[in-house]
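Participant: Using the hints, put the two standalone chains together into the complex.
Chains as they are written, first to last, in numbering that gives the first Met the number 0: chain A, 0 to 214; chain B, 0 to 325.
If you're looking for bench data, these hints aren't it; they were derived computationally from the structure. A couple of the hints might just be wrong.
[As the list claims (entries may be wrong)] Pairs of lysine to aspartate or glutamate, EDC-like flavour, derived with a Cα cap of 16 Å:
#	chain 1	residue 1	chain 2	residue 2
1	B	K273	A	D190
2	B	K231	A	D169
3	B	K273	A	E187
4	B	K191	A	E197
5	B	K93	B	D183
6	A	K154	B	E137
7	B	K231	B	D316
8	B	K273	A	E182
9	B	K191	A	E201
10	B	K74	B	E151
11	B	K273	A	E181
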Amino acid sequence: MSAMGCNEFISQLEDWLDGNRHPDAQTHARECARCRSVAADLEDIRGVAPALMVSDPEPSPELWIRLRSQLEEEGIIRNVGSVPSGARMPAWLDRLLVAIPRPALAGAYLAFLFAVAFGFSATQGLRTSQSPNFALSAQLDSAEQTAYSSLKEEKSLASASLHENLAIVDNYIALCENSVREEPDNEEARDYLYQAYEQKAELISQMTERGEPSR
Amino acid sequence: MNTQPIYTRYLSNSLYKGLLSGLERPLSRKIPRIGARKSAARKTAAVRAAGWIACGFLIVGAAPAWADHVEKHFKVDARPVITLHNPNGAVTVKAWTKSEVMVIATPATSDVEVDVEQTGNRVDIMTHPASDNVSGDELRADFEIRVPQDAELQIHDDSGAVSVNSVLGDMNVETVGAGVDLSDAAGYLSVKTIGGSFQCLRCAGQVEVSSISGNFRLLDMRSYHVRAQTSKGNILFNGEFIPNGFYELKNYSGVIEVRFSPGDSFDLSATSLKGKVNNEAKLIPPTHQQHFYSRFGNSLFGSFNSGRAKVELSSFDGTINILKRN
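Excised from the complex, chain B in its bound form (with noise of 0.2 Å):
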């Protein structure tokens, strides 16, 4: 992989080292008699503000390359889909009032590229490099789209990070690394990441989130159906229980907490097979259903007020705190 500083691809192998070799050599050069040390002070000053300004234009002549940006507007009618590709970079999705999105792509370098389509209703978003130098992280862009409130969103964003905020159509996003963070959002929200955290501040509808490493936030969530599995990552769950929604938290490992409220209404089922499971909610025997009492692991069911939803908790060797809600 290209390490060099991304201003230094556009120069000459050759420019660079004799540049480099100017500005260094001075440095790295044992000190020299006292009666010849003026003159070659004088000599590496002059070598060093050489190489400094020929650096200077380079830098300024090669800044358009990372700096430039795509900006593009298409309307769309109801519930546009919207699809993005991106294996590196900030991805900032919003909602506004009008029937148009709006991309504005910033690439890294000149040598990643972003083609932006619309077919019908749909807009297709995609990096790609612009040639054969670009491997790995180089393959950077970074988006601010506005899409309308009830677009649908596909987003694959291997590493960076996602933010949606107020967008109500359906939503699958997919990373590697990138933390996916969405605010204010509904339908059916289906997230997969491997080491990226998640967070989800205000959502409705259902929420689907799997992850390996990544921890979860879920907070003042409206939704009626919750799925998260992380394998080493903690989960906090602190919103409502709609009645007769259903909310299942499972790690492998790390703490999964849910905060309630004296007027929710659930079943809860925790179990953790090889570690604790704390409760401070006063429970009743369950009375909508049949649990299945498990002989290993610790396990605590019961009804909380009339169970009106329903509540699973597990954990391999991790800890699940049921606590009141502050």
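Here chain A stands alone, though its shape is the one from the complex (with noise of 0.2 Å):
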């Protein structure tokens, strides 16, 4: 039996795509056909993102929409009626992955998009069917460290008022987090840690977008 539960095997995903595989994830690999499935597609995703770096400016939909039905099959994510076939991300997310840089996406932003898919799909009218994911807090930690890396040096008003209010919602996240982890079956406080997350995200992209160089 492994030792490893799948929000583990999870939260270590890019760890698991660079190679550093510990013996428990491995267990839990060839016992979990659900996380063995994701972790195959990441690594297809990961094979082919230096093409997309390359050629599309915009990751293949085609991807997306096989991981999606992949989240679905798995039960991950449930689509509710109104949402297309399609695969749409919730448009935050969207604008998130036109504004990360390409390289960024073969790497820890996919574990950062995923966690993201997994864990808050909840504002879109897609819920997960597990308890909050607090790893998902993590990987938008590592993403915001990322998004720090890419920015340019600059001191600028804006710039400061974004680092600023992203401190803001750092602390409402902690906040919401407790609040959840002392009352699991507290529906709103769940939204606002979701909202919360999500501001996070807008923050972090906007923050990228500053740190290309184009602009």
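Facilitator: Shown next, in the form of structure tokens:
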């Protein structure tokens, strides 16, 4: 029996994709078809990401359709009638996809995006059937670091405001996570948490956009 | 980032340093012997005077570089679209009765350029650097814009301030730190800031505003649809609750304050998960709908008069005040 659960496996997917595969993770992947399949999909995506980087400014929709179908089949997310079968990501997530640098898409961001798809599709009518995945917070932190590293050395008012507000959102995320931990059945607290995650993702997206050399 | 005063960028480095050394050295130098003090003082005064004169010439020479402004006029048809992308600066838009758009742009320096282009019934305004030396807050231009009343506006202004008066067309304003001040506006008003405050005075139509740390003041409102969300900010709503209107105000912390009159009619739902709800309205059990009574936090539901408008107030740990209008 694997000592590692699905959440833990997902949280260390980045290491997995980098080839650092802990024995417990390997055991879990052997035993859990869902996680094995997810890891395989991400490996596929990573394999074609360099081509996207060179030739296509947008990630191929087929990849997302495939990934989403897989997630739906596995019951990790569920589709609501109004969402077309073409597997749309939430609008803000689309924006993030467009904004992130292509090289990053091939690496850490994939884990982040995937965690986002896992963790809080609730705002767009998709809801996980699992308990809140706080690993998402760590993934957002990781994305934040990547965003920072891609930023130009700029000390403008706007840049200062973005950083200041990111700290505010981080504070709310911590408060809401505590609240959800204390009252797991509190749907409203969970909604506040999801919204704070969304705000953080949007801020990171804006910061990343500003870091692009074309601006 | 270049932190020198603007005019110093027009001086060569050596001249600038020489000028500064001429001005500063006597101040920092040790006081000479008493016998030499008079001549030293005269020399110092001469050097200082020469320095100021030179500085004055150079400042005067450099002044037009940031004082230049551009004024352009464009004939437009009904419902023109005006877009503005400006990283930093004060933007003032006012409606007038002419079928014309007037743009007066004042770039902060000669390193900043403003492009204004008309394509059909659309006028696009964009601030951009004229050289590689410009970055951050230096990329600044201020705008005075006149538009027909029915104009549609799309404004992006990261820092500074945005003020729009008497424009009745749809409006989309996005800022980072810039405050947004609308008055006598109508149409579909969408405002998004990160840290900028928002004020709407006598606004009608539909208002959607979101921010992270901005405060909102919605005053003398005549809007039938208001959705306002800020995380760390206060929200004040003082206006009419139009029958069948929808008013949703939400924050994480801070104060949400709603003012009502005895003649208003609304269904109220107010919940603060970790904070307080203070209410001066005499509510009766809801007349129109079933509410979800949360087990968590402080909630208040009910109808005021016949409950014709719908008011939803929610906060994570802030305070909600429903108060009588003075």
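Participant: Evaluate each hint against the coordinates.
Facilitator: Hint check:
1. K273/B x D190/A: Roughly 14 Å separates the two Cα atoms, so the pair holds.
2. K231/B x D169/A: Given that 16 Å is the threshold and the Cα spacing comes to 12 Å, the pair holds.
3. K273/B x E187/A: Status holds; Cα separation ~11 Å.
4. K191/B x E197/A: Satisfied, since the Cα-Cα distance of roughly 15 Å is no more than 16 Å.
5. K93/B x D183/B: Satisfied, since the Cα-Cα distance of roughly 10 Å is no more than 16 Å.
6. K154/A x E137/B: holds, 11 Å
7. K231/B x D316/B: holds, 10 Å
8. K273/B x E182/A: Given pair K273/B, E182/A holds - Cα atoms ~12 Å apart, limit 16 Å.
9. K191/B x E201/A: Holds, at roughly 12 Å.
10. K74/B x E151/B: Status holds; Cα separation ~15 Å.
11. K273/B x E181/A: holds, 13 Å
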